[in-house]
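Chemist: Single-letter residue listing:
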Amino acid sequence: MWRAWLKGGSKQVAKFSTKSEAKKGGFPILQGHPAAEQHAEEVVESQHNIQRNVNNQKKEFKIYRWSPNHPHQKPFLQSFFLDLSSCGPMVLDALQKIKSEDDSSLTYRRSCREGICGSCAMNIDGTNTVACRKPIDSDTSTATVITPLPHMYVIKDLVVDLTHFYHQYKLIEPWLKTKKPPPGGKEYRQSTAERWRLDGLYECILCACCSTSCPSYWWNPEEFLGPAALLHAYRWISDSRDDFGDERLQALTDKEVRLYRCRTIKNCTATCPKSLNPANAINKMKAKHRFARPSEKSDNEDQRA
Amino acid sequence: MGASTKPRLSGMQLQVLALYRGFLRAARMKSPEERSRIEALVSQEFRRNSSQVDRKNYLYIEYLVRRGKKQLDQLKSPETVGLASLNVEASQAKTS
Chain A
1 MWRAWLKGGS KQVAKFSTKS EAKKGGFPIL QGHPAAEQHA EEVVESQHNI
51 QRNVNNQKKE FKIYRWSPNH PHQKPFLQSF FLDLSSCGPM VLDALQKIKS
101 EDDSSLTYRR SCREGICGSC AMNIDGTNTV ACRKPIDSDT STATVITPLP
151 HMYVIKDLVV DLTHFYHQYK LIEPWLKTKK PPPGGKEYRQ STAERWRLDG
201 LYECILCACC STSCPSYWWN PEEFLGPAAL LHAYRWISDS RDDFGDERLQ
251 ALTDKEVRLY RCRTIKNCTA TCPKSLNPAN AINKMKAKHR FARPSEKSDN
301 EDQRA
Chain B
1001 MGASTKPRLS GMQLQVLALY RGFLRAARMK SPEERSRIEA LVSQEFRRNS
1051 SQVDRKNYLY IEYLVRRGKK QLDQLKSPET VGLASLNVEA SQAKTS
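Residue numbers (the numbering used here), protein chains in the order written: chain A, 1 to 305; chain B, 1001 to 1096.
These are computed hints drawn from the structure, not numbers from a lab.
Glycine residues also receive a C-beta, built at the ideal position from the N, C-alpha and C atoms.
Mixed in with the good hints, there may be bad ones.
Cut-off 30 Å, straight-line C-alpha distance, at most; resulting in silico cross-link-like pairs (DSSO-like, lysine-lysine) [as the list claims (entries may be wrong)]:
hint	chain 1	residue 1	chain 2	residue 2
1	A	K170	B	K1056
2	A	K99	A	K177
3	B	K1070	A	K255
4	A	K266	A	K170
5	B	K1056	A	K156
6	B	K1056	B	K1006
7	A	K74	B	K1069
8	A	K266	A	K62
9	A	K99	A	K74
10	A	K74	B	K1056
11	A	K170	A	K288
12	A	K156	A	K62
13	A	K62	B	K1076
14	B	K1076	A	K156
15	A	K255	B	K1056
16	A	K288	A	K179
17	B	K1006	A	K170
18	B	K1069	A	K156
19	A	K177	A	K156
20	A	K74	B	K1030
21	A	K99	B	K1006
22	A	K97	A	K274
23	A	K156	A	K274
24	B	K1070	A	K156
25	A	K170	B	K1070
Distance ranges between label pairs, derived from CB positions [to be verified]:
hint	chain 1	residue 1	chain 2	residue 2	range
26	B	V1088	A	F244	45 to 53 Å
27	A	P174	B	T1080	22 to 30 Å
28	B	E1034	A	K284	28 to 36 Å
29	A	S85	B	L1024	58 to 66 Å
30	A	K170	B	E1089	14 to 22 Å
31	A	K170	B	S1036	35 to 43 Å
32	B	R1048	A	K255	53 to 61 Å
33	A	H48	B	L1072	53 to 61 Å
34	A	S240	B	S1010	48 to 56 Å
35	A	R261	B	E1034	40 to 48 Å
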């Protein structure tokens, strides 16, 4: 019993020593997730900067505005000034505050406020991210420029037409296709190793940040499927429960434009708000397609041997 | 006078005309009284926009064409029975 008390006591001491660490940026709960740790450190740092500036300088936000209700007005960047100490840490909080206090005609999509739905994807200071996961840059000397996702048709302000993007996702048939019923009639079994292969592929939230950052997708949106759809295609190809992997790959590469318009620009990996790697998935699919085809050379070698 | 040559229509003008044609073709599939109503509404909308919207305002014209295409896709589906519109006039209350 006294052993348990000793353990508890040491834990108390450990709490006091790690509290200062937590303020610096050590997040024990996020261990093993380097991207999440880095993001959390950024947020804590920006909040500290805000609290340190007691003079409460206002931060300027330049937001893209265009409304079909005022068709004669060309699109422009409207400036809003916001007191950062009275507002939440993320860009979405700033947008909500501006909409509620300054201008209620500001239009944008938002839903979960935690980076899982992908609705609030927009271009903030030149990078495509989800607004609910991007901390406000606490430097009040420069303005933050918020524009809709690049090279997409704008419906109003920051809302963008994503119908074609969703249509391309539908094209790859993102559902399980099997040839046999499940063994025992219950469920399709999968080993842990087979499930690990899906890590880094299933987390995609279809926010469209990667596809709209790819120059190849800008110039050929009708033909090239885009990194998001291709990432999901690879997710279904590498799923061990799915029996139609080869047919899926063939459907992708029949019309070469769908996959091979990728030029490994890697903008997609750089901008993904969930730190996924679509470029890697596309490369793996290209490799699978090239090495799976029996070439004449290898046939001759087999005959000689 | 001399032989009248048809003016060459720009790509955007052809798109608008194709959309108008699509609406009239979709109207043909519906019942006769609905067909006349759809044709009246659509032609009224197109004529109003052609006079009010500036020829050079590409942004707004493309937006209208995209919106029209989506509405046409909805109209084309066999479940859609007809088309109706609501006139919202900003009436200002006059105090005497």
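Chemist: Which of the numbered hints are not met once you compare them with the structure shown?
Modeler: 1, 2, 13, 15, 17, 19, 20, 21, 28, 30, 32
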